[in-house]
Structures are given as structure tokens and as C-alpha cells.
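Chains as they are written, first to last, in numbering that gives the first Met the number 0: chain B, 0 to 356; chain P, 0 to 356.
Simulated from the structure, these hints should not be mistaken for lab results.
It is possible that some hints are incorrect.
Identical chains share a label here; the pair holds if one copy fits it or two copies do between them.
[Stated by the list, open to error] Okay, derived cross-link-like pairs now, DSS-like style, lysine-lysine, Cα gap no bigger than 25 Å in a straight line:
hint, residue 1, residue 2
1, Lys185, Lys314
2, Lys167, Lys185
3, Lys204, Lys314
4, Lys60, Lys343
5, Lys295, Lys204
It should be emphasised that the depicted structure is a prediction, and the values quoted were computed from it without experimental measurement.
Here are the chains, one letter per residue:
There are 2 protein chains.
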Amino acid sequence: MEHIFSYHHLREFTREVFIHMGCSLEHAALASEVLVSADLRGIDSHGIARLSGYVRLWEAKRINPRPNIRIIHETPSTAVVDGDAGLGLVVAPYAMEIAMQKAAAVGTGWVSVKNSNHFGIAGYHAMKALEQDMIGMAMTNASPLVAPTFSTERMLGTNPIAVAIPAKEQPAFVADFATTTAANGKLEILQRKNEEAPYGWIQDKNGNPSKNPHELKDGGALLPLGGDREHGSHKGYCLGAIVDIFSAVLSGANYGPWAPPFVSFLPLSPNPVGEGLGHFFGAMRVDAFRPADEFKSNMDTWISRFRNAEAIPGKKVLIPGDPEREMHQERLENGIPVIAPVVKDMKEVAAKFNLNF
Amino acid sequence: MEHIFSYHHLREFTREVFIHMGCSLEHAALASEVLVSADLRGIDSHGIARLSGYVRLWEAKRINPRPNIRIIHETPSTAVVDGDAGLGLVVAPYAMEIAMQKAAAVGTGWVSVKNSNHFGIAGYHAMKALEQDMIGMAMTNASPLVAPTFSTERMLGTNPIAVAIPAKEQPAFVADFATTTAANGKLEILQRKNEEAPYGWIQDKNGNPSKNPHELKDGGALLPLGGDREHGSHKGYCLGAIVDIFSAVLSGANYGPWAPPFVSFLPLSPNPVGEGLGHFFGAMRVDAFRPADEFKSNMDTWISRFRNAEAIPGKKVLIPGDPEREMHQERLENGIPVIAPVVKDMKEVAAKFNLNF
Numbered sequence: 000m001e002h003i004f005s006y007h008h009l010r011e012f013t014r015e016v017f018i019h020m021g022c023s024l025e026h027a028a029l030a031s032e033v034l035v036s037a038d039l040r041g042i043d044s045h046g047i048a049r050l051s052g053y054v055r056l057w058e059a060k061r062i063n064p065r066p067n068i069r070i071i072h073e074t075p076s077t078a079v080v081d082g083d084a085g086l087g088l089v090v091a092p093y094a095m096e097i098a099m100q101k102a103a104a105v106g107t108g109w110v111s112v113k114n115s116n117h118f119g120i121a122g123y124h125a126m127k128a129l130e131q132d133m134i135g136m137a138m139t140n141a142s143p144l145v146a147p148t149f150s151t152e153r154m155l156g157t158n159p160i161a162v163a164i165p166a167k168e169q170p171a172f173v174a175d176f177a178t179t180t181a182a183n184g185k186l187e188i189l190q191r192k193n194e195e196a197p198y199g200w201i202q203d204k205n206g207n208p209s210k211n212p213h214e215l216k217d218g219g220a221l222l223p224l225g226g227d228r229e230h231g232s233h234k235g236y237c238l239g240a241i242v243d244i245f246s247a248v249l250s251g252a253n254y255g256p257w258a259p260p261f262v263s264f265l266p267l268s269p270n271p272v273g274e275g276l277g278h279f280f281g282a283m284r285v286d287a288f289r290p291a292d293e294f295k296s297n298m299d300t301w302i303s304r305f306r307n308a309e310a311i312p313g314k315k316v317l318i319p320g321d322p323e324r325e326m327h328q329e330r331l332e333n334g335i336p337v338i339a340p341v342v343k344d345m346k347e348v349a350a351k352f353n354l355n356f
Numbered sequence: 000m001e002h003i004f005s006y007h008h009l010r011e012f013t014r015e016v017f018i019h020m021g022c023s024l025e026h027a028a029l030a031s032e033v034l035v036s037a038d039l040r041g042i043d044s045h046g047i048a049r050l051s052g053y054v055r056l057w058e059a060k061r062i063n064p065r066p067n068i069r070i071i072h073e074t075p076s077t078a079v080v081d082g083d084a085g086l087g088l089v090v091a092p093y094a095m096e097i098a099m100q101k102a103a104a105v106g107t108g109w110v111s112v113k114n115s116n117h118f119g120i121a122g123y124h125a126m127k128a129l130e131q132d133m134i135g136m137a138m139t140n141a142s143p144l145v146a147p148t149f150s151t152e153r154m155l156g157t158n159p160i161a162v163a164i165p166a167k168e169q170p171a172f173v174a175d176f177a178t179t180t181a182a183n184g185k186l187e188i189l190q191r192k193n194e195e196a197p198y199g200w201i202q203d204k205n206g207n208p209s210k211n212p213h214e215l216k217d218g219g220a221l222l223p224l225g226g227d228r229e230h231g232s233h234k235g236y237c238l239g240a241i242v243d244i245f246s247a248v249l250s251g252a253n254y255g256p257w258a259p260p261f262v263s264f265l266p267l268s269p270n271p272v273g274e275g276l277g278h279f280f281g282a283m284r285v286d287a288f289r290p291a292d293e294f295k296s297n298m299d300t301w302i303s304r305f306r307n308a309e310a311i312p313g314k315k316v317l318i319p320g321d322p323e324r325e326m327h328q329e330r331l332e333n334g335i336p337v338i339a340p341v342v343k344d345m346k347e348v349a350a351k352f353n354l355n356f
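All chains, please: the whole structure from these sequences, using the hints.
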């Protein structure tokens, strides 16, 4: 059972909710655009499905609707931003904009952020750079759900990495992926359907391979990309660790197992090692390396060569970003399906703020 | 059957070989240090085992022993370096040094390199940054051996990524990994032993899973980290693609399936899309984000917290770089074992240049 909403309906509803949380009109408009971009791109776990979670974090006073977001340290190519406990959905665009300004001035810009919250999909922020012929990067740490290789403890988040690279005639290359075998959102789908997960996605509390999608409730963990040692899980662990360190140790946010949980019913660490959640953004001007037109023509060649690679019968080789771009078009035209439990959450939020639904 | 050599013996032999190839004394000393650092760290596939391959590339006139390595474009935080077909073992340190100089000046430095050759282990170059309290990064594209998700064609190299992050009392965090399930060197070990590979490492020429370590000779391919789509191979493909684009499209080197093969018996592409092989280096001054001492203390906490994470009985959670650092100590003290086929190659090289062995 699902309900189909238009993009504009979802975005307007979200905007109203953020306004009722006390956000400025400008912040509410931006935050709703960022949040619902996840639904448009088909990353349902990071869009409207999170809205009630943000409201609960705000009720728990873990989100400041009127943050004083500011640079606390900088050099010509770097900055650290304090998000003042604001919505990651507005802190991240602020920080990405600084990265791009620095890239415009000195070739590249790199911004580490502390004291923030969940920022939606990493891809949205990385793609901002495309408008200015820049390569964009975005990453974030997140609630600890992932066990490093050989660990039975959850030490890292699903810590996504997004990289957006402009092309000329071809659509841009947009990679946006969790550094785990499977994103938590995929596990949530199996939980709802009560279906088994493949081996390599999760382990139980003792570190044994498990197919039970509910394992995380019993002390189990998601696994780093690779799944197990023999298949390179130490590499997925490295990636998740690098994202954690760039996002949270460079900025002074909470890192590793201290990263604050997204769900408001879990307590914050009594001994935080930093402030809030951390992100990391990068922008590299293409013409800081070679003429943008030359680079983008080469990217066209790269993309068409890979798209036309010989493939397994019935399959084709995709370019990172292809599925999400097609979904964006499809959902913009035909609407966004929202599953019943999320519609129920939306109704509760609407009732709380006395909004039309 | 293997022979044990001292580090100094291997390094001196390698230095002599590079001198006889016509390298300057300075370049020969540097190249031998970089090459044999792989053996010290236990990455046997990238060290002395490659020496005869370099000699054959030089004989095929694909390596220029007296390169005019130079910056061809730059901004305050970026540069593109033309390696003039030199040994990657000397081109890469030159480029990494520029990245560090730029980081010293404006906070970060990013250098893309074209017209180079195999550069040894990525970790060596990334670790250079540690000496100056910088985070170091190094990556390179390589001979196409890897099939993207759903492809039956080999389109990418094993394209490694190295990231080195300084700590205070703790040893540095040093990640250095191929973006495939297993590095080619691991496959070579199975080939020599005639042992099967686990599923998820390789596919046959039709894209079917295979355990045959000799599959690459019959048109098979290595698989991106993740192994198959269900286990996230599209993420490993993204990583390999990003390394390829940063290293080769940003610089103007050959990218994707056009990357030149390391082995001299395979022909170069008749229609190259760039010059030589490409690399990418980055350096970020830690104090461009926050005081270095604060950062490094936090890294100590990060490292000790992860090292002491609850583990599967009989196992412990490692920090990236731990195994290589221990190997380095062990081999510096007790010597470096070299397998018989490599010793045979060394003897042939010695005979060619009339060197003592």
C-alpha cells in the first residue's frame, strides 16, 4: 500500500513543517528542497521518510531551527564550519558553497563541518559543484551501525561518499554510495517485507554472518563494503574510517562510536568527544587542471566508452548516476510513491502542527 | 623456495639497475627507495618482483630514464605534471612534493599527473605527507584488468587509493588498497600455487563467477570491490572510476581501457586518448582545519578506541597500516624473502647489465 504524491506537494508539506519548527522561510525552503531531492532520485530512505525523525530530534532539542552557521577557521583553500546544531539540510549547502567559493579563488576548496545533523543525500551537495564546472565531493559520518572487520561492536556509520563530475553532452557522472555492502535503507525495506538479506550485509551480535534483517535490534551490525575479510571488508572499513576522520576528526565533531544517533529515542553519549555530527565537502575547479571544455569532452568519451562496454546478455553497463537521473525524471512526471507507514508518520506530523494534509 | 635478502642488498641492486638503465644517481636512489618500500611493507607484488618489468618497458622504449618532469598548469592549490614518460617511481615523488608545497602555502595541494608509468605502492607517496603534519593521498590508474558491474570487458585497472593520516603517540593511520575485491598480486600468489580463488574475485570471459586464478589469460576479469551487484560491486566500480578520472582525465593521460599495460609484451593502444599513465596526489595541512596537536590527540583517541573495540574471539580489530608497519619492522630486521621466480628474474637482469648478484 502506497500513496502517490506530486513532488511539489511533498516539498510544500516539508517546507511547512520546517517553518512550524521555527526555521526561517529561507532555511525551510532550502531544507525541503534538499530533503525531497532524495525521494526524487529514488533514495526513499533519506527523503520524506526521515521527516518525522527530524521533528522528533527538534522536540528533543537536538536540532536548532535558528542556527548561527559560521566559519570558525580558514585558509585560502580550507574552512571549518560550526553548524550550531542546525539541520544538516541547511548547514551542508552553506559549507558546500564555501568550498566552491574557495575553489573559484584558488582552484580547490575543502570544508569540514562540526555540530551538524543528518544532511539528506550526499549526492545533492556534490552535484551543486556541477553548475560551475567543478568536481564536487560530499561525505558525512552517521549513527554507528557498522562493525569494522573482526569487530562485534558498531563503530562507524554507513558513511556515504558522493563525487559529481561534469561532462559536456553526456549527463554528469554522479557516484553516491554508502561505504557498507548495503545501505541501511535497503535493510529497512527487507524488514518491512520480512524477507531475508543476502549473506555479506549483516552480522549478529557475536560477529557471525546473518540473513536476519532485524539483527541490528539484537546487537548485530551492518558490514563494511566487501562483507568479510576474504572479500575485502577491510577496504570498506578503511573507506568508512576515512569518511569519519575527514568529517569529524578534522572538524571537531563526534567520531566513530560517539557519532550521535539519528533516532531521538537513543540517548546521546554522556561523554561526547566533539560537537554533533560531522561532514566533509570538496570542490575542484576543472580548469584548475586543464581547460574545462577539453576535460568535459574527454568525460563524454569516458562515459560513452563505458556505457557501450560489452555486457552480460540482458544487462548493460551503467554510468554512476544513471538510475537516479532516470528516477528523477520519472517521479517528477508521475509523482512519488510513499509507503503507508511513512504516510502515517506524515499525518501525525500534520496533526501536531495543525497542517493540511 | 625463496631466498632471503637484506633490505640494503635489494635496494642497492635495484639502484644499480636503474643506473644502468641510464637514470641519474639521484633518480636511481629515489626510485630504488620507492620500489623496495613495497617489499619492506609486505606488498611483494609491487616491489622487486616488478623490477624486470621496468627493465623490459625501458627496453621497449616506454620508459624515459632521463625525463624532464615539469608542471604544465597550476593554480595556488593545484597542478598538472607531465612525467615525460619517466619512471613513476620518480615522477610520483616530484608530484607529491608539489602537492605538499601548495598545502604549505594555501592549506591543501592537489596534483594530477600524465605521461607517467607504474609508481610502486600508493602508500609510500601518501605517507610522505605525514612528516609535515599533513594528510596525504595518492592514487593511480593502471592496466585494464577489471570489469565494471555487468561488463564482460576489462575497462579499469585495480586503481588503488592510499590515505595517510598523522596521529600523536599512536602510529599513523595508513590505508592503501586496490579498489577491487582482491589485488592482482593476491591472484598471482594463487596462480603460482595453483589454488582456487574464492568466488567474488574474478569472472570468466562471459561474466560468470569463476574460481580459476588463470581466468584473466582467457579473457576473464578481476571484479570491483563488492564482487557482484548484490554485494555492492557497483560501489567498487564507482571507486575505480573516480580514481581513473582524477588520475587520467584531469591530467590528460590515457584513461579506462586505454591505460597502457605494465607488461611490455602487450601492445600500446594504436589510438591513445592521452599520454601515458595517470596519478593523483593530495596533501591537506592538518592545521588548515584545526590545531595540529588537537587533531593528532583526537586521532590517538580514535585509534585506541578502534583498536580496543570488542572483537570476534581470537581476532582483533586492526588500524589501517598496522600489518604493513609490523612487516616493515620484521623485514628490516630479518630480511626480505623473495620467491624463486623473482630471484630468477633478478639474475637475468644482473646478467644483462653485468652486475654482481
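So, going through the hints one by one against the coordinates:
In this homomeric assembly, Lys185 and Lys314 come within 25 Å of each other (Cα to Cα) only inside a single copy, at 22 Å, whereas the closest approach across copies is 29 Å. In this assembly of identical chains, Lys167 and Lys185 lie within 25 Å of each other by CA distance neither inside one copy nor across copies; the values are 33 Å within and 39 Å between. When the C-alpha separation of Lys204 and Lys314 is checked against a cutoff of 25 Å, the pair qualifies only between copies, where the shortest distance is 15 Å, while the shortest distance within a copy is 37 Å. Taking the closest pair of Cα atoms, Lys60 and Lys343 come within 25 Å of each other only inside a single copy of the chain (23 Å); across copies the shortest separation is 69 Å, beyond that limit.
For the identical chains of this complex, Lys295 and Lys204 are neighbours neither inside a copy (48 Å) nor across copies (32 Å), given an alpha-carbon limit of 25 Å.
The structure is inconsistent with the numbered hints 2 and 5, although it conforms to all the rest.
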